[in-house]
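J.: Spelled out from the first residue to the last, the chains are:
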Amino acid sequence: MKIYTKSGDEGDTHLIGKKVKKSNERVEAYGTVDELNSLIGVTLTSIPDGCEDMKEDLQKIQHELFDLGADLANVTTRENYYIQNEFTIYLENRIDYYWEEAPPLEQFILPGGHTAAAYLHQCRTVARRAERRIVDISEEVQTPAEAIVYMNRLSDYFFAAARAVNVRTDLEDIPYRSNRK
Amino acid sequence: MKIYTKSGDEGDTHLIGKKVKKSNERVEAYGTVDELNSLIGVTLTSIPDGCEDMKEDLQKIQHELFDLGADLANVTTRENYYIQNEFTIYLENRIDYYWEEAPPLEQFILPGGHTAAAYLHQCRTVARRAERRIVDISEEVQTPAEAIVYMNRLSDYFFAAARAVNVRTDLEDIPYRSNRK
Amino acid sequence: MKIYTKSGDEGDTHLIGKKVKKSNERVEAYGTVDELNSLIGVTLTSIPDGCEDMKEDLQKIQHELFDLGADLANVTTRENYYIQNEFTIYLENRIDYYWEEAPPLEQFILPGGHTAAAYLHQCRTVARRAERRIVDISEEVQTPAEAIVYMNRLSDYFFAAARAVNVRTDLEDIPYRSNRK
Ligand code: B12
Ligand code: B12
Ligand code: B12
Ligand SMILES: C[C@H]1O[C@@H](n2cnc3c(N)ncnc32)[C@H](O)[C@@H]1O
Ligand SMILES: C[C@H]1O[C@@H](n2cnc3c(N)ncnc32)[C@H](O)[C@@H]1O
Ligand SMILES: C[C@H]1O[C@@H](n2cnc3c(N)ncnc32)[C@H](O)[C@@H]1O
Ligand SMILES: [Mg+2]
Ligand SMILES: [Mg+2]
Ligand SMILES: [Mg+2]
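Protein chains in written order, with UniProt numbering: chain A, 1 to 181; chain B, 1 to 181; chain C, 1 to 181.
Careful: at least some of the hints might be erroneous.
Note that the list lumps identical chains together, so a pair holds whenever it fits in one copy or between two copies.
Stated by the list, open to error - Straight-line distance between alpha carbons at most 27 angstroms, and here's what the computed DSS-like set of lysine-lysine pairs gives:
1) Lys2 <-> Lys55
2) Lys2 <-> Lys60
3) Lys60 <-> Lys18
4) Lys21 <-> Lys60
5) Lys55 <-> Lys21
6) Lys19 <-> Lys55
7) Lys55 <-> Lys6
8) Lys6 <-> Lys60
9) Lys19 <-> Lys60
10) Lys18 <-> Lys55
Simulated from the structure, these hints should not be mistaken for lab results.
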């Protein structure tokens, strides 16, 4: 079977259970989740030695984002969603674990440092964009409540992981200082 | 002539033939095409040896995206668009060509692998975002029908190309497995 | 204090002075500024030797984007914004400075070349996306007029800087040529 089916050539496409315009807000939501997933793929190419734990996390998250995508694409009324509260609990444990490695924080930090840290910050901001797109649809169509909780935690995961990479590679985060006189 | 004309400092700008707000949906559409074009520029820096064919494709596509951008910016009624059906046909041939190199697929794959493959997946998702922005305007203003067809095929091109890079660099794509118990 | 406060788990969040939905347009605007900031972090990892001047610029800009973010998040009526006209003037000086290094231009150029140049083009397009999101809100809520001026100039800064990187690393920008017959 060819990968290009041409069925989308008039601007329509398929959810699981319904034909819609490609400008449909559900398509926007899981399309943004897909964008985040691909950015994690880029990030994975930059994770340094000594961060094998993080590589495993990121791959686990990639699978979970497909689970989430399937839930967001599904318009048939149902309760047995793919996304599970356990995914969130796992993230929380990992946040605590990485957070302990870095010094306490009372200011914003400039996103960057090691290449992997820089990409993790970019993941953080794209995760937040995806979260906004999920919040957009959550008031209008049936979506798993866990989706927003998971995405909220995921951006904090990326923040904690970015800081841990810089600590482990001996790079210091630069605190933001206001230019205000 | 200076590059900064300051003419956009109040939030207005120019299409070809009309003054509009920068929040205009056409500006959103070609601005997103421009974002994709710049990501292809990043991708080009990572294409490995043995993929010279792909480098040529990507540069050809960069030119075509400017052609597309000019069509999307043009509000004067016309039929002689820059974008041509031949661009799409070329993409289809290249999809077939790369697709043959990779094993058949019956599941989603985690975006990633070689750095170039990872970027190509990111291009794929940004191309789909650009497609959504073109669909947004296509119902309201005159746009070439070929624009949506081309963008639809372009995201499949990136998918096929990403897989070919991983095959050629001996990296295996990881199939998605649902976490559902 | 834990970084994850869970207060956003129902899709709400806080501006400075007000509780809003995460889909609020102000959140979209500073969230996109944050996305740009993180991309500058990525770009900084690729700046070649001989461009220390640009590294300093980019870090200065990162601080300024937090200043801008604070202004966009602030709903309390006020006039003493963080963002200052001097930030724009600095950018204009730097544009002139980099612009002189590159040959005059009368066509579009393909975004790319050196990795840093490619990322700077990506910054350019994401800055323009952020500009559009700021224009979106500027008609409805009180925002500093300087915000749009600054963002308008910032995308020209990235364009000039990208060209300077390619000149300094002996890479020629490829001019766009229309495919039109
Ligand atoms: C929603 C959706 C998406 C979403 C979200 C999916 C998610 N879970 O996150 C996103 C945006 C990620 C997506 C992307 C793509 N998709 Co899609 N997608 C769908 C859709 C509508 C539902 C799939 C789903 O989530 N099912 C729920 C899952 C979890 O249950 P499942 O039944 O086990 O689903 C499996 C099969 O659908 C399947 N599969 C079967 N055959 C093939 C063949 C190919 C080539 C692929 C990639 C997958 C695939 O993979 C799923 C899980 O492993 C289907 C059409 C449909 N109504 O079924 C198309 C569909 C599977 N997608 C398709 C395509 C082409 C793609 C892309 C290659 C498009 C592109 N150019 O980017 C990418 C591939 C991404 C990747 N990394 O592999 C085609 C496959 C055509 C074919 N048989 O060759 C389909 C059938 C749509 C169509 N008719 O054109 N997709
Ligand atoms: C639509 C548009 C865009 C779009 C889409 C264009 C597309 N085809 O995809 C996008 C978003 C890509 C874009 C980007 C930019 N643009 Co523009 N764009 C336009 C606009 C409105 C139409 C151009 C067009 O597509 N014409 C159709 C083409 C195909 O036909 P053409 O007549 O042969 O067009 C050529 C000239 O316009 C030209 N050109 C002539 N002089 C100059 C000077 C410079 C510095 C550049 C970059 C191009 C340029 O390049 C075109 C093709 O080679 C013009 C204003 C206008 N109304 O003409 C501005 C305009 C050409 N853009 C301008 C600028 C500054 C830029 C950016 C540098 C902005 C930025 N900071 O990102 C970038 C450069 C991108 C690049 N890679 O080179 C300025 C150039 C000012 C100058 N003379 O120095 C113009 C004149 C607008 C203005 N008054 O400020 N642009
Ligand atoms: C707007 C805002 C943002 C915006 C824009 C900010 C900007 N200036 O560009 C953006 C989107 C960038 C942002 C990002 C983040 N934010 Co924020 N943000 C806010 C908010 C609403 C206002 C902050 C502000 O701009 N104040 C104006 C500044 C300039 O004045 P200030 O009083 O001196 O502000 C300082 C403190 O707020 C502070 N700070 C104090 N304690 C902590 C702790 C942490 C962990 C951090 C990161 C910052 C921080 O940093 C500011 C400047 O240095 C506050 C909540 C509130 N209402 O105060 C949350 C808040 C500071 N953010 C928070 C968090 C968690 C984050 C992120 C880690 C979220 C994420 N996962 O991405 C990132 C970190 C980004 C980074 N690089 O460091 C939390 C901190 C919780 C804590 N005490 O541990 C807060 C308190 C919100 C909350 N209740 O959850 N944020
Ligand atoms: C740290 C701050 O970031 C903002 N915030 C919370 N969620 C998002 C999101 N998805 N996107 C952008 N900004 C967000 C809120 O203002 C919060 O207080
Ligand atoms: C593979 C699946 O991706 C979805 N799809 C089709 N076009 C787009 C797009 N531009 N952006 C995001 N998702 C899209 C449809 O649901 C299709 O079936
Ligand atoms: C160079 C051309 O880019 C367009 N333009 C101006 N500002 C933006 C923006 N924020 N985003 C996308 N396109 C923009 C206008 O059409 C201008 O003429
Ligand atoms: Mg949060
Ligand atoms: Mg398609
Ligand atoms: Mg401008």
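J.: All hints, please: hold or fail.
T.: These are the hints, each one checked on the structure:
Taking identical chains as interchangeable, the C-alpha atoms of Lys2 and Lys55 lie at most 27 angstroms apart only when they sit on different chains, with a minimum of 23 angstroms there against 33 angstroms within one chain. In this assembly of identical chains, the alpha carbons of Lys2 and Lys60 lie at most 27 angstroms apart only when taken from different copies (23 angstroms versus 29 angstroms within one copy). Taking identical chains as interchangeable, the C-alpha atoms of Lys60 and Lys18 are never at most 27 angstroms apart, the minima being 29 angstroms within one chain and 36 angstroms between chains. When the C-alpha separation of Lys21 and Lys60 is checked against a cutoff of 27 angstroms, the pair qualifies neither within a copy, at 31 angstroms, nor between copies, at 29 angstroms.
When the C-alpha separation of Lys55 and Lys21 is checked against a cutoff of 27 angstroms, the pair qualifies neither within a copy, at 36 angstroms, nor between copies, at 33 angstroms. In this assembly of identical chains, the alpha carbons of Lys19 and Lys55 never lie at most 27 angstroms apart, being 37 angstroms within a copy and 36 angstroms across copies at closest. Proximity of Lys55 to Lys6 under the C-alpha cut-off of 27 angstroms is restricted to the inter-copy arrangement: shortest distance 25 angstroms between copies versus 36 angstroms within a copy. In this assembly of identical chains, Lys6 and Lys60 lie within 27 angstroms of each other by CA distance solely across copies; the values are 22 angstroms between and 32 angstroms within a copy.
For the identical chains of this complex, Lys19 and Lys60 are neighbours neither inside a copy (31 angstroms) nor across copies (33 angstroms), given an alpha-carbon limit of 27 angstroms. Proximity of Lys18 to Lys55 under the C-alpha cut-off of 27 angstroms is found in neither arrangement, the shortest distances being 36 angstroms within a copy and 38 angstroms between copies.
Of the numbered hints stated above, those contradicted by the structure are hints 3, 4, 5, 6, 9 and 10, listed in ascending order.
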